[in-house]
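Taken in order, these protein sequences are the chains called A and B.
Every position in the first sequence, counted from 1, becomes a number in the working numbering once 3 is added.
Every position in the second sequence, counted from 1, becomes a number in the working numbering once 63 is added.
Don't take each hint at face value.
As the list claims (entries may be wrong) - Distance ranges between label pairs, derived from CB positions:
{"id": "1", "chain 1": "A", "residue 1": "Lys121", "chain 2": "B", "residue 2": "Glu178", "range": "37 to 45 Å"}
{"id": "2", "chain 1": "A", "residue 1": "Gly50", "chain 2": "B", "residue 2": "Val85", "range": "27 to 35 Å"}
{"id": "3", "chain 1": "A", "residue 1": "Tyr126", "chain 2": "B", "residue 2": "Gly153", "range": "20 to 28 Å"}
{"id": "4", "chain 1": "A", "residue 1": "Gly50", "chain 2": "B", "residue 2": "Leu127", "range": "37 to 45 Å"}
{"id": "5", "chain 1": "A", "residue 1": "Glu213", "chain 2": "B", "residue 2": "Phe142", "range": "51 to 59 Å"}
{"id": "6", "chain 1": "A", "residue 1": "Phe230", "chain 2": "B", "residue 2": "His106", "range": "28 to 36 Å"}
{"id": "7", "chain 1": "A", "residue 1": "Lys215", "chain 2": "B", "residue 2": "Leu127", "range": "42 to 50 Å"}
{"id": "8", "chain 1": "A", "residue 1": "Glu22", "chain 2": "B", "residue 2": "Thr157", "range": "46 to 54 Å"}
{"id": "9", "chain 1": "B", "residue 1": "Ile124", "chain 2": "A", "residue 2": "Tyr126", "range": "26 to 34 Å"}
{"id": "10", "chain 1": "A", "residue 1": "Gly50", "chain 2": "B", "residue 2": "Ile130", "range": "43 to 51 Å"}
{"id": "11", "chain 1": "B", "residue 1": "Gln185", "chain 2": "A", "residue 2": "Glu167", "range": "31 to 39 Å"}
{"id": "12", "chain 1": "B", "residue 1": "His106", "chain 2": "A", "residue 2": "Ala226", "range": "52 to 60 Å"}
Quick caveat, the hints were computed from the structure, so don't treat them as lab data.
Source: prediction; values computed, not measured.
Ideal Cβ positions, reconstructed from N, Cα and C, are used throughout, including at glycine.
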Amino acid sequence: MANDTLIKEEVELQDNSWEGGKPPFKVSYGKLMMWYFLLSDAFTFAGFLIAYGAIRFSSATWPIPDVVFSTVPFGLEEYFTFWGGHAPLLFVTFMSFLLIISSVTMVRAVQEGHRENKRGVVYWMFLTILGGLGFLGCQAWEWSNLIGKEHMTVTQNPFGTHTEGGTYLEGDGHHIHKGDTFRAGDGYLIHMDKKTHEFHKLAYKTESGEVKHQEMGPKAFGALFFFITGFHGFHVFSGVVFLIIIMINVMTGLYVKRKNGYEMVEKMGLYWHFVDLVWVFVFLVFYLL
Amino acid sequence: MGHHSYEESKKKVFMGMILLGVVTLIEVIFSLFGKGHLGWDPHSSGNVTIFGFSFNIIILIVALIIIALSLYKAYFIIFEFMHMKYEAKGLAWTVLLPTTLLIWAVIAFFQEGSEWNNSREQIKTYDERVIDEADAFSGERGETKLINENMMPKDKDE
Chain A
4 MANDTLIKEE VELQDNSWEG GKPPFKVSYG KLMMWYFLLS DAFTFAGFLI AYGAIRFSSA
64 TWPIPDVVFS TVPFGLEEYF TFWGGHAPLL FVTFMSFLLI ISSVTMVRAV QEGHRENKRG
124 VVYWMFLTIL GGLGFLGCQA WEWSNLIGKE HMTVTQNPFG THTEGGTYLE GDGHHIHKGD
184 TFRAGDGYLI HMDKKTHEFH KLAYKTESGE VKHQEMGPKA FGALFFFITG FHGFHVFSGV
244 VFLIIIMINV MTGLYVKRKN GYEMVEKMGL YWHFVDLVWV FVFLVFYLL
Chain B
64 MGHHSYEESK KKVFMGMILL GVVTLIEVIF SLFGKGHLGW DPHSSGNVTI FGFSFNIIIL
124 IVALIIIALS LYKAYFIIFE FMHMKYEAKG LAWTVLLPTT LLIWAVIAFF QEGSEWNNSR
184 EQIKTYDERV IDEADAFSGE RGETKLINEN MMPKDKDE
């Protein structure tokens, strides 16, 4: 008997789902709209990343990511002697871990919210904020290293790729020495002369005996890199700002009064995981492939 | 939520962190391997041509594995961390279905990109012709062809 009533109610619920009063997706308006905002944001990011792919396919050469992103703070890459003083992708891997960990602490904050545990929410949100700030700090270092030290900007890109094999006729005083050989597809960084402020394009002899000079890489790489990672970094930054505001709200006891299991923290969680999700693809497209 | 006890959920979240970390690490190792940083040089293997793109076979396989792992990470973040698994089916479909449009966007734009690459020579000849015709029309002959080494057309100085 009780079962029949239950089934009847369920059928009624389905029939009346367009008549208002009950949310058909069983979520609040705010949470649903957060999902749709994230969907639209996903399309924005997808547009940028697809543009990157299209321009990469349209270029005869493209900078090699593990050559471009082979530095770590404090010059620690010099200790990686087995990779010739480079630390390919290690720093961005660390950045990825930071974002993953901050995503996990956010899940914990949401869980504590469901239990109405105010102290727990504040604790885990605080750790999430630290993770976000850590990521932003790493990105700031990465950018300043690329712009200040390696002189890549939105309009110039000193990271090139050889299209044929050969031998260097001079060294650059960094990692390339006179007589070093290279093959087609090897990447290089053209260093800037400290006195003349001009790029020192090394001379090399091709396998057919021709003497040529290194060429700058495709400009679009710098513009796409700074624009897309900048757009992601801006999302992280806004996320940190919102996290701080909501954490303060939690501390004042605002969400206790709402008695909805800290739903605002949950909505913030969705946004924060989305930032991590976008990083999965930025990491894939810019660094791994 | 509400499908597991608190302790179970806590453990699940921790396991999720380990999983994402390990998958990321595997991706990086594959990427370094494909670039020849782990002692074996992929350049020694042959090339294949698919849809007009020439790929090194090993690098192609490595890239596909990395893409698959990234998609798995995305799935895990959406379904576990963002709780899509526990939402109403309708909600999940309205969010996930539109993203399938991106599959075509990727195919179309990458194809377009490689087409630009193939037609660069043609574009160069065309640009030279246009500049020649413009010169002839205005009655001036430029001292230099306004084409630089990179084959990119430059705006003519007024």
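Status of the hints after comparison with the structure:
{"no.": "1", "hint": "A/Lys121 - B/Glu178: 37 to 45 Å", "verdict": "violated, 58 Å"}
{"no.": "2", "hint": "A/Gly50 - B/Val85: 27 to 35 Å", "verdict": "holds, 31 Å"}
{"no.": "3", "hint": "A/Tyr126 - B/Gly153: 20 to 28 Å", "verdict": "violated, 35 Å"}
{"no.": "4", "hint": "A/Gly50 - B/Leu127: 37 to 45 Å", "verdict": "violated, 23 Å"}
{"no.": "5", "hint": "A/Glu213 - B/Phe142: 51 to 59 Å", "verdict": "holds, 56 Å"}
{"no.": "6", "hint": "A/Phe230 - B/His106: 28 to 36 Å", "verdict": "holds, 32 Å"}
{"no.": "7", "hint": "A/Lys215 - B/Leu127: 42 to 50 Å", "verdict": "violated, 35 Å"}
{"no.": "8", "hint": "A/Glu22 - B/Thr157: 46 to 54 Å", "verdict": "violated, 19 Å"}
{"no.": "9", "hint": "B/Ile124 - A/Tyr126: 26 to 34 Å", "verdict": "violated, 44 Å"}
{"no.": "10", "hint": "A/Gly50 - B/Ile130: 43 to 51 Å", "verdict": "violated, 19 Å"}
{"no.": "11", "hint": "B/Gln185 - A/Glu167: 31 to 39 Å", "verdict": "violated, 23 Å"}
{"no.": "12", "hint": "B/His106 - A/Ala226: 52 to 60 Å", "verdict": "violated, 29 Å"}
The structure fails hints 1, 3, 4, 7, 8, 9, 10, 11 and 12 (numbered hints given earlier, in ascending order).
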